[in-house]
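Starting from the known structure of chain S, arrange chain U on it as the hints suggest.
Going down the list, the sequences are from chains S and U. In case it helps, this note's numbering puts the first sequence at residues 50 to 449. In case it helps, this note's numbering puts the second sequence at residues 50 to 449.
These are computed hints drawn from the structure, not numbers from a lab. The structure presented is a predicted model; accordingly, all values stated were derived computationally and were not measured. Among the clues, some could well be false.
Since the list can't tell identical chains apart, any single copy or any two copies may satisfy a pair.
To be verified - Cross-link-like lysine-lysine pairs, in silico, BS3-like; alpha carbons within 27 Å at most:
id	residue 1	residue 2
1	Lys360	Lys72
2	Lys115	Lys73
3	Lys73	Lys360
4	Lys132	Lys73
5	Lys72	Lys115
6	Lys360	Lys172
7	Lys360	Lys115
There are 2 protein chains.
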Amino acid sequence: MSDTSSALSVAGFRLSGVRAGIKKREGLDLGLIVADAPVPTAAVFTRNRVKAAPVLLAAERVRSGKAQALLVNSGCANACTGKEGLAAARASCAAVARALGIRAELVLPASTGVIGQLLPAGKVEAAVPALVTGLDAGGVDPFSRAILTTDRGPKVAQVRLRIGGRAVTVLGVAKGAGMIHPDMATTLGFVLTDARVGAPLLRRLLRGATDATFNALTVDGDTSTNDTLVAMASGRAGNAALAPAGRDAARLGGALEEVLGALGRMIVGDGEGAGHVVTFEVSGARTAADARQVARTIATSSLVKTALHGKDPNWGRILAAAGRSGVDFSPDRVDIRVGDVLIVRRGLAVGEEAERRAHEVMSGSDYTVHVKLGARGASARYLTCDLSAEYVRINADYRS
Amino acid sequence: MSDTSSALSVAGFRLSGVRAGIKKREGLDLGLIVADAPVPTAAVFTRNRVKAAPVLLAAERVRSGKAQALLVNSGCANACTGKEGLAAARASCAAVARALGIRAELVLPASTGVIGQLLPAGKVEAAVPALVTGLDAGGVDPFSRAILTTDRGPKVAQVRLRIGGRAVTVLGVAKGAGMIHPDMATTLGFVLTDARVGAPLLRRLLRGATDATFNALTVDGDTSTNDTLVAMASGRAGNAALAPAGRDAARLGGALEEVLGALGRMIVGDGEGAGHVVTFEVSGARTAADARQVARTIATSSLVKTALHGKDPNWGRILAAAGRSGVDFSPDRVDIRVGDVLIVRRGLAVGEEAERRAHEVMSGSDYTVHVKLGARGASARYLTCDLSAEYVRINADYRS
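Pulled out of the complex, with its shape left as it was, chain S reads as follows (with noise of 0.2 Å):
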């Protein structure tokens, strides 16, 4: 379902991206999102403490359920800014809303760099009218490079789906890729969809995509403070009504879910200094939650994810931080499997053979690794990539 091939665009929504000059290295660092007018819009934030002053302001606005225009930086995360850093945020909203013509309270903030750098709103506000001028229904790659921080390249997503006879678009942009761990909207997200669904419904259904994609992803382990995943519906596929409990209603869900897991995906496969995308899919536990906690604990493990980089399927790693996860269960139970090769038997090594065979799928860039605790019971999965001497550099020098 997924479709790259054809024009990224939704109906009811013009994007932009320029250069502003914030970033310190060359390329664009400002991007817009604007509807045709005022649209239901919900969105998620990071559950940091240490919340960025673009944060503050867009949660404040987003609770109208109602927004136009999203206002993205690179390049600064204006975090830890105080009073000054919401007052930059503000102005660079009212510069916007200015040159649109609307109220700024339907401008939402968000801002991605380096934390502890107050945002340069002059240099914002200049690059306003060349921001609007640019607003294009096409505008959907000035606009996924303007995000980006350290990432190799732009994340870009679209779904097409049929609702109620008429055709939706569900489209997605993110940035990565790192200080990206879950529990929380992680890093920068948008999505845009034509569809016609109320602000409640589509905080319902980002909520749960949310949790099953960029919620179960993991590169580092840290959580950022600057968060934000925001969802606008222009209604202009023109489908009638959504009802919350229906059946359309769970397939814009899908929809939605199909774009932010493979944004994650992405995110995940552009972690700094990554070289492979691992999935950790645990079974065989008392809840769902079990699940999900010893999948995380397993894949937010520095000596696994080195292993993991060094393609070697050492699975005592991963059992022993399956042992620390603080869920219960018995060592002399579980099975491993590496892609199809199963390596641990019963809590007892298989074989060199097998292990052999396992590096073998370890050198892809892409597998998945099951961890059966038990016969029956709840599963989840939870990606992650590897952790290489690369990551270390890129973040030991980020500053400098």
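Structure of chain U alone, referenced to chain S:
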């Protein structure tokens, strides 16, 4: 009070270390400590749900409160090896018991190395004659080398104090250097004293000293299946038996804490690939548990640890880690100090000059970062090291 210049020995104990050929690499890999008679013994073990065979056996045997010998090997963890692993641990201890003419139940095993490999009991048994012949009161050095894995060097600390007019010695030997994380007796550690102290009090003192030292440090956030910390007391100092709540008991506890603290610093300083030992001190928390939780979250953050490696006073990462710790605090009341240099005042950057001076502090091999959450309240300390590309190299290549 630390004393490493004088001879390392404790009345009532003999030690040795030999090469049994368990390690693939060169070097000693089997160590033995023997008391002149069964003596009061206490131990703490890993809290990992997955426990190695030697942990299961030693935990069972130490419940009696008495032991006479510790048999320790490196090069093989004998973890996740099922019934065969338990049998190998038992057979190895039995061989030592036979050679010493004591009951096998008085021999406690400990192992460290790769998980999932069965202890080669035959190699251990073949080495027992040389191991027993080599026993010597001055044998701390070969023992301390025989228990190492990826460590850069042996870890030994000795403290002398007077209790009831008698000279008392507390000697500790430990190994590092990866899969090291809080909330258990991390890694392998052995404490010998000639103090006269009963097993129940020794156990209480050991737990208290462990909590403040081995349980408040991290290298990589992973918890071993094999962590074992054993304390034995020969009573040869001849002091009057210690009252459980008395001043002398507290002084012995202090000596234990000093020895374990020194070993802990050596372990973190020898953390795989580490170049900096950093203490995170968190103050102004509502409870000591809150302070510890914040300190631990900061100390285990990959982004903080890579910034330590880059000597980058990236306080945003410190604040962001604190913010995801689950502890409630007001970001705008936080002060952060690197050494003596204040870099964050009330949640805001002090400035570039301060960060330049903090960078200088961070060029040192050992410094403290103080995170003040508020004016008054509980505090806690946590020891960590930087995360380097070398760590990744060591752990990606460990088994290959």
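Structure-based check of each hint:
1. Taking the closest pair of Cα atoms, Lys360 and Lys72 come within 27 Å of each other only across two copies (22 Å); inside a single copy the shortest separation is 36 Å, beyond that limit.
2. Proximity of Lys115 to Lys73 under the C-alpha cut-off of 27 Å is found in neither arrangement, the shortest distances being 34 Å within a copy and 65 Å between copies.
3. With identical chains, the CA atoms of Lys73 and Lys360 are at most 27 Å apart between copies only, with a shortest distance of 20 Å across copies and 36 Å within one.
4. Taking CA atoms no more than 27 Å apart as the test, Lys132 paired with Lys73 passes inside one copy only; the shortest distance there is 24 Å, against 60 Å between copies.
5. Taking CA atoms no more than 27 Å apart as the test, Lys72 paired with Lys115 passes in neither setting, with 30 Å inside one copy and 65 Å between copies.
6. For a Cα distance limit of 27 Å, the shortest separation of Lys360 from Lys172 qualifies neither inside one copy, at 46 Å, nor across copies, at 30 Å.
7. Taking the shortest alpha-carbon separations for Lys360 and Lys115, neither the intra-copy value of 48 Å nor the inter-copy value of 44 Å comes in at or below 27 Å.
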